[in-house]
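Protein chains: 2
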Amino acid sequence: MKKNEIPYKIYLDEQEMPKQWYNVRADMKKKPAPLLNPATLEPMTVEELAPVFCRELVEQELDNTNAYIDIPQEIQDYYRMYRPSPLVRAYRLEEKLQTPAKIYYKFEGNNTSGSHKLNSAIAQAYYAKKQGLTGVTTETGAGQWGTALSMACAYFGLDCDVYMVKVSYEQKPFRREVMRTYGAKVTPSPSMTTEVGKKILAEHPDTTGSLGCAISEAVESAVSREGYRYVLGSVLNQVLLHQSVIGLEAKAAMDKYGVIADVIIGCAGGGSNLGGLISPFMGEMLRGERDYRFIAVEPASCPSLTRGKYVYDFCDTGMVTPLAKMYTLGSGFIPSANHAGGLRYHGMSPVVSELFHQGLMEARSVEQTAVFEAAEMFARVEGILPAPESAHAIRVAMDEALHCKEKGEEKTILFGLTGTGYFDMLAYEKFNDGIMNDYIPTDEDLEQGFAGIPNIPQNQ
Amino acid sequence: MKKNEIPYKIYLDEQEMPKQWYNVRADMKKKPAPLLNPATLEPMTVEELAPVFCRELVEQELDNTNAYIDIPQEIQDYYRMYRPSPLVRAYRLEEKLQTPAKIYYKFEGNNTSGSHKLNSAIAQAYYAKKQGLTGVTTETGAGQWGTALSMACAYFGLDCDVYMVKVSYEQKPFRREVMRTYGAKVTPSPSMTTEVGKKILAEHPDTTGSLGCAISEAVESAVSREGYRYVLGSVLNQVLLHQSVIGLEAKAAMDKYGVIADVIIGCAGGGSNLGGLISPFMGEMLRGERDYRFIAVEPASCPSLTRGKYVYDFCDTGMVTPLAKMYTLGSGFIPSANHAGGLRYHGMSPVVSELFHQGLMEARSVEQTAVFEAAEMFARVEGILPAPESAHAIRVAMDEALHCKEKGEEKTILFGLTGTGYFDMLAYEKFNDGIMNDYIPTDEDLEQGFAGIPNIPQNQ
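In the order they appear, the protein sequences are chains U and G.
Take the first sequence: its position 284, counted from the start at 1, is 284 in full-length UniProt numbering, and no numbers get skipped.
Take the second sequence: its position 106, counted from the start at 1, is 106 in full-length UniProt numbering, and no numbers get skipped.
Just so you know, the hints here were simulated from the structure itself, not pulled from any lab data.
Incorrect hints may have been included.
Which copy? The list can't say, so a pair holds if one copy fits it or any two copies do.
Straight-line C-alpha distance at most 25 Å; calculated DSS-like pairs for lysine-lysine [claimed, not checked]: (1) K19 <-> K9; (2) K19 <-> K130; (3) K256 <-> K9; (4) K31 <-> K430; (5) K407 <-> K96; (6) K430 <-> K185; (7) K96 <-> K129; (8) K411 <-> K29; (9) K130 <-> K96; (10) K96 <-> K185; (11) K130 <-> K185.
Model, not experiment: these values are computed from the prediction.
Given only the sequences and the hints, what does the whole structure look like? Please build it.
This is the structure:
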């Protein structure tokens, strides 16, 4: 073990925690494209979004100008229950890889949701409560977001209705029980409880569900009831705003020890972790203060940034949501059943999409077996059993560290370790048994998905 | 939320972490009774124990005189990967209970084993490696110890053979997969891989196993092979020594803020968490420096302290281990299948037993449904989903806090939150579905267990 001044884990004091979120859109010269009303193709207004989302969240969603937004004291107090999260120096991994690179990771898994999702869940539940609502509805796939929202709703005394992608509901009964323990109602999606669910089931009676379907049901369930709103755990601008707490803490911890990252790596499904982690660093780059390399890592089985189209598309399968301009595989795209874990959304955060489109970020796709190989090695040397999602970032962090070894470069790598894999052991079991498959969609598979993209003028 | 100078979580700096373990036996006027050789009824010697246990651990086991034992630097470095664990002020729980009591808990669940078990696993694997061994064998019930040892063996490059109680192996396949991910070999017990396993299966072909059986198999598997030793996750003096790191950190954190506990509460199965948590505080009391109330909490379904006998008994079902003087239900006792989670060992740490016998500690047994009610409330207000084991301590901490409310007493309560319940969702599901049973052994059940206690002179 090397002697070093930098501890294994840097914990900020509670007083050093961020008191404002950072809104990267304020520093983007070309802003992300606005959400469009699919009927008029005009940008969605506060009035149009308010029946679906909590009012203050709508304002955050549309705010492209304020760089810093105060975190209400009550949210800060809830953050203090599980934050600051540690910034960990991966001494053991560096030693194992024999790399001159210095590797850091921001670990968001030390809370019961097992991921960073709680950062936005608390904020969204807070604003729902403040607005006097009875409850919120949402969807969940891998289950981390649903768990996080259940926890937040228990804190604030809100009803929580979760539409859980049917295949996850069946394969992850324990995730469901965690949500129930926090008082949430969990329904497998598609279900017969919504019109859109009935329609999808009539057309595809054997479907195992998708995030896109579950979003449609959750939205319908919210807008059809008094006192309910819909909340979403990723993709949206507001979510990236809340998740900026990850990057702000990471940056504060690194600044405290004079550490400067060269490469910043995050896994990307809807983009909330990645967007949150990179935002303050990206802000520095946008303001011309410092240069970084950013790498978004996605599964080869759901490659929205690396093989998707940058167009306006629906956020859900039932086509009940506004249109978002994003890298997308088409709202009907469903990744192969061989794909384990999350990162299975057909689209990508408009903010992340626009940053990538402007060439400010790289994207890389990785295959499942390579991801689990990285996860296993990481677990054995660093102790933490990573979520499959997080292991995408680990894979590329390792690859970059090995590249540094080849080139003899002493770079500093920061990656986001979004969560733990305790509820993903079925996937680990497949890997342990050597029966994991890497299915990558063919060009024909992708064309099928693209065919579902709405036929509208795409030069917005 | 109250304004307060004490943060939600007190994290010591890595430099403030203990550099020595504390051995409470050194301050006990009447020492715990020695292990006896069942053949001679003489105290076990280093030479007799060395074929079973690692040599340096045997020395720790028999050391009743040295109060402080250096923690080797390498173990300290591994501790720094997941320690210090936070001392949490339960502001939300206090508010929920409307109690004047101040509640603190030492949370040991923020590592992949999900519990405090890793503290001793790392120490035991370190000494095994130092001795040049090939591997170690052990048993696991709920799975936390097996996971912890798997992690530690991955760190040190040791083989790890885990005999897992058959009912847990079947009900907790995900625990098994975590161990496999760390490279351990996991065998359901009783098995046909050992003579004692074959014998037990011949007599009880339908048995679902017990910790006592699994210990017998693990011991046989170790002593019958070159380069292997047996390790145990609780009960033993050496384990309590390693676990003193919990109490030492808790005390250092409290001292830092001038907080003095009145009541200290821990769940008790084999006694390792309880013994580790209380040891430095008990040391103060034994030296006449300060008074505390200590409460051991055990399940009503496995009530070794509250209904057991304080006699010499075997540590395992196959009667291959030395005899230990402890509160015991008889080495053949198996708790009802309705009992969820751990805390199912038939005996109790000789150190804890002797302290209890001397009247230095109280013991209380609690029923399962009341335990899960406490767990649910705790999860919903404090966020952390507790292990069923840990929830025993939560139950009594809440009861004590409510007692303070009745009496208007502003006491300070410290309890050990040993771990998380992520792998115990089958039990939570029963509770959520309202089909949890509280089975308490009858006097006749207990008599059956007592009948298995060896018929030797018990006045040692």
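Hints, one by one, checked against the model:
1. In this assembly of identical chains, the alpha carbons of K19 and K9 lie at most 25 Å apart whether taken from the same copy (22 Å) or from different copies (18 Å).
2. For the identical chains of this complex, K19 and K130 are intra-copy neighbours only, at 19 Å inside a copy versus 48 Å across copies, given an alpha-carbon limit of 25 Å.
3. Taking the closest pair of Cα atoms, K256 and K9 come within 25 Å of each other both inside a single copy (13 Å) and across two copies (20 Å).
4. Taking the closest pair of Cα atoms, K31 and K430 never come within 25 Å of each other, the shortest separation being 43 Å inside a single copy and 50 Å across copies.
5. In this assembly of identical chains, K407 and K96 lie within 25 Å of each other by CA distance solely inside one copy; the values are 17 Å within and 57 Å between copies.
6. In the homo-oligomer, the alpha carbons of K430 and K185 lie at most 25 Å apart only across protomers (16 Å), although the nearest pairing inside one protomer, at 30 Å, exceeds that limit.
7. When the C-alpha separation of K96 and K129 is checked against a cutoff of 25 Å, the pair qualifies only between copies, where the shortest distance is 18 Å, while the shortest distance within a copy is 48 Å.
8. When the C-alpha separation of K411 and K29 is checked against a cutoff of 25 Å, the pair qualifies neither within a copy, at 29 Å, nor between copies, at 58 Å.
9. In this homomeric assembly, K130 and K96 come within 25 Å of each other (Cα to Cα) only across copies, at 20 Å, whereas the closest approach inside a single copy is 49 Å.
10. Proximity of K96 to K185 under the C-alpha cut-off of 25 Å is restricted to the inter-copy arrangement: shortest distance 23 Å between copies versus 44 Å within a copy.
11. Proximity of K130 and K185 under a CA criterion of 25 Å is satisfied intra-copy only: 22 Å inside one chain copy versus 52 Å between copies.
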